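Those sequence lines, one after another, are chains D and S.
Going by UniProt numbering, 244 is the number at position 244 of the first sequence; the sequence numbering is gapless.
Going by UniProt numbering, 38 is the number at position 38 of the second sequence; the sequence numbering is gapless.
Quick caveat, the hints were computed from the structure, so don't treat them as lab data.
None of the values given here were measured: they were computed from a predicted structure.
Zero decoy hints are in this set.
Restraint ranges, calculated between C-beta atoms of paired labels, are given here: (1) D/T315 <-> S/S155: 23 to 29 Å; (2) D/R16 <-> S/S203: 52 to 58 Å; (3) S/R97 <-> D/M1: 23 to 29 Å; (4) D/T315 <-> S/S250: 35 to 41 Å; (5) D/M1 <-> S/S155: 36 to 42 Å.
Quick partial rundown of chain D residues pointing at chain S, CB under 10 Å, derived from the structure: (6) S89; (7) G142; (8) R265; (9) T277; (10) M282; (11) H311; (12) C337; (13) L343.
Cross-link-like lysine-lysine pairs, in silico, PhoX-like; alpha carbons within 20 Å at most: (14) D/K157 <-> D/K123; (15) S/K123 <-> S/K157; (16) S/K367 <-> D/K328; (17) D/K367 <-> S/K328.
Glycine included, each C-beta is placed from N, C-alpha and C at the ideal position.
Number of protein chains: 2
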Amino acid sequence: MQNKYDLDTPCIIVDRVKMLENIHRYQAIANEAGITLRPHAKTHKTPQIARLQIEAGAVGVTVAKLGEAEVMADGGIRNILIAYPIVGSAKLERLIRLAQRVELTVACDSYEVAAAISEAALKAGTVINVWIEIDPGYGRVGVQPEEALLQLAQSLKPLIGIRVTGVMEFAGHSYDAQTDEARVEIAAHEAAIAARSAETLRSLGFPIETVSGGSTPVSRFASSMKGITEIRPGTYVFGDLTQVKAGALSIEQCALTVLATVISRPAPDRAVIDAGTKVFTMDGEESVIGTGRGYVVGHPDITVSWFNEEHGVLTLPPSEQGLRVGDKLEIIPVHCCAVVNMLDELHVTEDNQVQEVWPIAARGKVK
Amino acid sequence: MQNKYDLDTPCIIVDRVKMLENIHRYQAIANEAGITLRPHAKTHKTPQIARLQIEAGAVGVTVAKLGEAEVMADGGIRNILIAYPIVGSAKLERLIRLAQRVELTVACDSYEVAAAISEAALKAGTVINVWIEIDPGYGRVGVQPEEALLQLAQSLKPLIGIRVTGVMEFAGHSYDAQTDEARVEIAAHEAAIAARSAETLRSLGFPIETVSGGSTPVSRFASSMKGITEIRPGTYVFGDLTQVKAGALSIEQCALTVLATVISRPAPDRAVIDAGTKVFTMDGEESVIGTGRGYVVGHPDITVSWFNEEHGVLTLPPSEQGLRVGDKLEIIPVHCCAVVNMLDELHVTEDNQVQEVWPIAARGKVK
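Model the full structure from these sequences, guided by the hints.
Below, the structure is given as C-alpha cells:
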C-alpha cells in the first residue's frame with residue numbers, strides 16, 4: 001500500500017472513514033424523519049460511492065444529466081432520478097433505452113418536454129415516470145405554483161406515455177441563509193409549497209407518491225419539512241468549505257481533500273502549489289474561516305490567496321515560512337462537486353494509506 | 001456533413017476560418033517584430049491545432065504541464081517549452097523520457113528544481129535545456145531580478161545536467177490594464193526586465209539564446225517589447241470575452257462558441273440552457289459589453305445572468321421572449337481556455353457545417 005503523501009500531485013484524496021460517517025449520518029437524519037434519502041450523485045460521480053449510499057439505506061440516486069444516469073446504471077444502480085428536463089431526439093432515444101434497464105424517473109417543468117417524452121415512450125411501447133419540478137422561490141427552473149402548475153398539470157392529463165408520480169423542488173437559496181433559524185424557515189417553506197403542489201396534482205387525479213426536496217444545508221432539518229417524503233442532498237458525502245459555512249459539516253468531517261505540491265517559493269511570504277482552477281475551479285466564495293479559497297489541513301494560518309489555471313498562490317505567515325519546494329499540502333476545497341468534475345480519479349484512503357483508486361466515471365458527462 | 005445546429009448539446013464549436021485568421025494574424029505580428037511565436041497550447045489542448053500553428057510559422061508550443069507536453073509530443077509537435085517547474089521523482093522520470101524524443105525546454109525559478117532536474121539528467125546521461133523564469137511584477141512564480149536572480153544564477157553554475165539557454169516571464173497583470181497605452185507600458189516594462197535579466201545571465205557565462213515573454217493582451221505590441229526574442233500568447237487562437245475586453249480581438253473574431261439548448265422557460269423573461277459551470281466555469285469577470293457571463297451570438301440583448309453546475313440562466317428582454325424549449329443558442333464564453341478543459345471534443349465547422357471532431361487530448365492533464 002502507498003502512503004497518500006507519496007502520491008503524484010495534484011490529486012483528489014477521499015478519507016473513507018469520514019465519507020462513511022457522512023453517508024450514515026445523513027441516512028440517519030432521513031430515517032429519523034421517516035422519509036427516504038436519494039443522494040445527488042453529482043458530488044461524487046462515482047458508482048462505487050453510490051453503491052455505498054444505497055447499502056446504507058438510500059432509495060436510489062439523483063443525477064443531473066442523462067450521461068450521469070447511464071454511468072450509474074452501468075455501475076449497478078437500479079433506481080435513478082434524472083432531476084433535469086430531457087430535450088432533443090438524441091437524448092430521448094437514450095432515455096428510452098435507459099428506462100428499459102433501470103427504474104427511471106425524470107423531472108420536467110413544461111408541456112413541451114413532457115409531450116416529447118410521452119411521444120418517445122409511446123413509440124417504444126413503454127411509459128416513463130415523470131416528476132413535476134416546481135420552483136420554491138429559487139428562480140432557476142421549475143413551474144410556479146399554483147396557477148402555472150395547474151395549467152401545466154391540465155395539459156399533461158392527455159399524455160399517456162408518461163406517468164406523473166411525484167413533485168420535486170430545489171431551494172438553492174438555502175445556501176444564502178446565514179443562520180440555522182433561516183435554514184429551518186426555508187426548509188419548512190419549500191416543503192409546504194411542494195406538499196401543496198402534490199395535493200393539487202392529486203386532486204387532478206395524478207398518483208403522486210413522492211414529494212422530493214432538500215439540499216445539504218437544509219437536510220439536517222428534514223423533520224421540519226412537513227409533507228416531504230424524500231430528500232436529495234449531495235455534497236454531504238464529502239463536505240467542503242461551502243457546507244462548513246452552511247453549518248452542515250465541520251472542517252473535521254470534510255472527507256475530500258486535494259493533495260498538492262509546493263513548486264515555487266518566490267518570496268518569503270509566498271508559496272505556489274501545482275493546483276489552480278483546473279483542480280479547484282473558481283466556484284463559490286472564499287472560506288468564511290479566513291483561509292481564502294481553500295483550507296490547508298494542519299496549517300490553518302496559511303491563506304489560499306488566488307488561483308490561475310495551474311497555479312495556487314499561498315500567503316504564508318512567519319510561522320509557515322519554512323515551507324519548501326517539494327512539500328505536499330492537503331487542501332479542503334470551497335466546492336467539492338466542482339473539484340470532482342475536474343479530475344479522472346479518486347484516491348480512497350484509510351489511516352493515510354491509499355486503499356483504492358476509483359475512476360470518476362461520470363466526470364464531464366454534460367449531455 | 002452535419003449542420004452545427006443539429007449537434008447534441010452542450011458542445012464546443014470552433015469556426016475554422018476565424019481560428020485560422022487568428023493564427024495567421026498573430027504569426028504576422030511576431031514576424032513583423034522579427035521575433036518567434038511559441039503559442040501556449042493550454043488554450044486548445046489539441047495537437048491538430050498546435051500543428052496548424054506550427055505550419056503557420058510558430059517555432060514550437062508552450063504548455064503548462066508535463067502531461068500536456070506528452071500529448072503534444074504524441075501529436076507530432078517537436079519543439080516544446082514546459083513553462084512550469086517540474087517537481088517530484090515521478091515527473092522527473094517522465095521529463096527525461098520526453099526529452100529523448102522532442103526538443104524540450106523547461107522553466108524553473110529555484111535551485112531546488114534545477115538541481116533535481118540536473119541530477120535526473122546526469123543519471124540518464126543527458127542534458128536538459130532550462131529557462132529561468134523571472135517575475136516581471138505579477139507576483140506569481142518567478143525569481144525576482146536582479147539580486148535573487150544573481151544568487152540563483154550563481155548557484156546553478158555547477159549543475160552540469162542542465163543548460164541554461166533562456167529567460168522567460170509572464171506579466172499576468174497585463175490583463176488588468178484598461179487602455180492600450182497601459183498595455184504598451186506593461187509590454188515595454190516586462191521586456192526591459194527580461195532583457196536585463198538575460199544580460200545578467202550572459203555576463204555570468206550562460207548562453208542565453210531566447211528571451212521569452214508576452215500574453216495575448218500585450219502581443220499586439222510586440223514591436224514595443226525591445227529585447228524580447230519570443231512571445232507566448234495562447235488565447236488569441238480562439239478569443240473570448242476577456243480578450244475582447246483587453247482589446248485583443250473583436251467579438252466577430254472569436255472562433256470558439258458553446259452550443260446550448262433551452263431546456264426550460266419558467267418565466268416570460270427567463271430561459272434556462274443546458275450548460276452551466278460544468279461547461280463555462282466560473283472563470284473571469286462578466287462581459288464588459290453588458291451581456292453577463294457570456295455573449296449569445298445574434299442575440300446581443302440576452303443577458304447570461306448566472307450559472308449553476310448544469311444550468312445557465314438567461315434573462316430575456318421583451319424582444320427575445322419568443323425563445324422556446326428546444327431552441328439552440330451559440331454563446332461566446334468569458335474564458336475559452338477554461339471551457340476547453342471541461343469537455344472532451346471540439347467540433348470544427350466551416351459555413352456552419354461540422355467538418356471534423358477533434359478530441360481535446362490534453363484536457364485535464366494537471367500532472
